[in-house]
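S.K.: Residue numbers (our numbering), protein chains in the order written: chain A, 1 to 148; chain B, 149 to 429.
FYI, nobody ran anything at the bench for these hints, they're computed from the structure.
For glycine and all other residues, C-beta sits at the position ideal for the given N, C-alpha and C.
Accuracy of the hints is not assured; some may be wrong.
List time: in silico DSS-like cross-link candidates among lysine-lysine, alpha-carbon distance up to 25 Å [said to hold, decoys possible]: (1) B:K377 <-> B:K396; (2) A:K66 <-> B:K153; (3) B:K408 <-> B:K213; (4) B:K377 <-> B:K356; (5) B:K399 <-> B:K350; (6) B:K156 <-> A:K66.
Label-pair restraints from in silico Cβ distances [claimed, not checked]: (7) B:R336 <-> A:I34: 49 to 59 Å; (8) A:E29 <-> B:P264: 45 to 55 Å; (9) B:S327 <-> A:D112: 19 to 29 Å; (10) B:S327 <-> A:T78: 41 to 51 Å; (11) A:L134 <-> B:G378: 50 to 60 Å.
Some residues of chain A that are not near chain B, with every Cβ distance over 10 Å (derived) [claimed, not checked]: (12) V68; (13) S76; (14) G79; (15) C122.
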Amino acid sequence: MIQDHAILKLIDVDIVVVFIVYLLMFYGEMWVGIFAFGQGLIIDIFSGGMLGLFALLYLIVFFIIKIVSRPLDIYSITGQMAIIYIAVLLKNILMVLFVYIFSMEIALSFFDFLVFIFSAICSGLLAPIIFYLLNLLNRFSISLNLGI
Amino acid sequence: MLSIKRIKIFWIWALLIFIALFFISANLGGKRSWDPSEQLVIEIIAPLQKFINETINVTERIWLKYFGLINTHNENIRMKKELDSLKMENYLYQEMLAANQRLQQLLQFRNMSDQPVIAAQVIGRDPTGWFQSVIIDKGKNSGIKLNMPVVNAEGVVGKLVSVSYNYSKVLLIIDQNSSVDCIIQRSRDDGILKGLSSKVCKLDYVLKSSDVHVGDIVVTSGLGGIFPKGIPVGEVTDVEDPPGELFKDVKIRPAVDFSKLEELLIILKEDPLANYLTDED
Numbered sequence: 001m002i003q004d005h006a007i008l009k010l011i012d013v014d015i016v017v018v019f020i021v022y023l024l025m026f027y028g029e030m031w032v033g034i035f036a037f038g039q040g041l042i043i044d045i046f047s048g049g050m051l052g053l054f055a056l057l058y059l060i061v062f063f064i065i066k067i068v069s070r071p072l073d074i075y076s077i078t079g080q081m082a083i084i085y086i087a088v089l090l091k092n093i094l095m096v097l098f099v100y101i102f103s104m105e106i107a108l109s110f111f112d113f114l115v116f117i118f119s120a121i122c123s124g125l126l127a128p129i130i131f132y133l134l135n136l137l138n139r140f141s142i143s144l145n146l147g148i
Numbered sequence: 149m150l151s152i153k154r155i156k157i158f159w160i161w162a163l164l165i166f167i168a169l170f171f172i173s174a175n176l177g178g179k180r181s182w183d184p185s186e187q188l189v190i191e192i193i194a195p196l197q198k199f200i201n202e203t204i205n206v207t208e209r210i211w212l213k214y215f216g217l218i219n220t221h222n223e224n225i226r227m228k229k230e231l232d233s234l235k236m237e238n239y240l241y242q243e244m245l246a247a248n249q250r251l252q253q254l255l256q257f258r259n260m261s262d263q264p265v266i267a268a269q270v271i272g273r274d275p276t277g278w279f280q281s282v283i284i285d286k287g288k289n290s291g292i293k294l295n296m297p298v299v300n301a302e303g304v305v306g307k308l309v310s311v312s313y314n315y316s317k318v319l320l321i322i323d324q325n326s327s328v329d330c331i332i333q334r335s336r337d338d339g340i341l342k343g344l345s346s347k348v349c350k351l352d353y354v355l356k357s358s359d360v361h362v363g364d365i366v367v368t369s370g371l372g373g374i375f376p377k378g379i380p381v382g383e384v385t386d387v388e389d390p391p392g393e394l395f396k397d398v399k400i401r402p403a404v405d406f407s408k409l410e411e412l413l414i415i416l417k418e419d420p421l422a423n424y425l426t427d428e429d
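Okay, chain A solo, but in the shape it has when bound (with noise of 0.2 Å):
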């Protein structure tokens, strides 16, 4: 599969945490920590891991992106990419720590903590291109209501 050769590997982009971002900027905190906790959900249906890992996971990647939207500016494009960089190298932290804390067999290298590095500098890179898509598909579908 595509996903397993190691370049590849270090061009993963969070996608769940880019969503989280743009939704913040524009609708209500409370339904974006909704939507954070109901995609943890969903991956943890998926995932081999414990049901309730990744929700909770990803409700605590809310509350940091949350709290560095403060001093950072989230409707600059600068500030996306750093708020990105941010909670997606936090959120790689925080499952290592999860990892400890609940005895999971899991085994990390060298190379693991360079991909954490590595999702976080991708994420942020590629978040403004896909809020710009988005931002297009809003107004495209803000058209057809319109009828225009």
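Following the hints, position chain B against chain A.
M.R.: Relative to chain A, chain B alone:
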């Protein structure tokens, strides 16, 4: 003074965190199958996942077919040489197979070909990248039950850990939470296979006195009641004898290429302990 709205939001966050922690604590005891609500979510989302997976597969095939021709000529030559060598080996194995069949008749062993199997397709992988599991397109409607073994032509793939009506989740043997009772085919020494990564597993609890060498084939032992006996698991790639440790440190390369899982076979063999477990266990 906090407004009512902020208090309401606070309690919603508290409730969500409580629910997540409740789910986690309920799962700490060990693996559990999907409950009815999770099965409903799977039945709704899995068809979309299947469509996306097939789209990715088609794109990948187009890429490999039209843009990956650079090394085709060299690979062709290499594979022809390998084919000739394998033909010679095959003649030898035919003889061994004939002898094996005679012995099995004498000892009245059942082999894997006597077990009914059902084919399934992989429609999705673990979305987190932290665990090793796949979703397949067969479920209870096809007669599938929890803990049934899953194999393919190369060897052991894993076992079913969650089953809904039309879909199931397979925990792969390369997952760190998986354990398979195995034996070394040559020396019959046993160990427990545990996953480390997609390319390497480890064989735990191999005694210091065991006769294990690099290149030895590892097969299922049949103990534990889940996997039938004699199914290839992998090949020993490294054996170390760390001083001060009770057991040898044995590394295994899995027989199955987990990066290319597409079609799987589920052996319709019920877990003998299943009757003693409830759905909540």
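S.K.: Of the hints stated earlier, which fail here?
M.R.: Those not satisfied: there are none.
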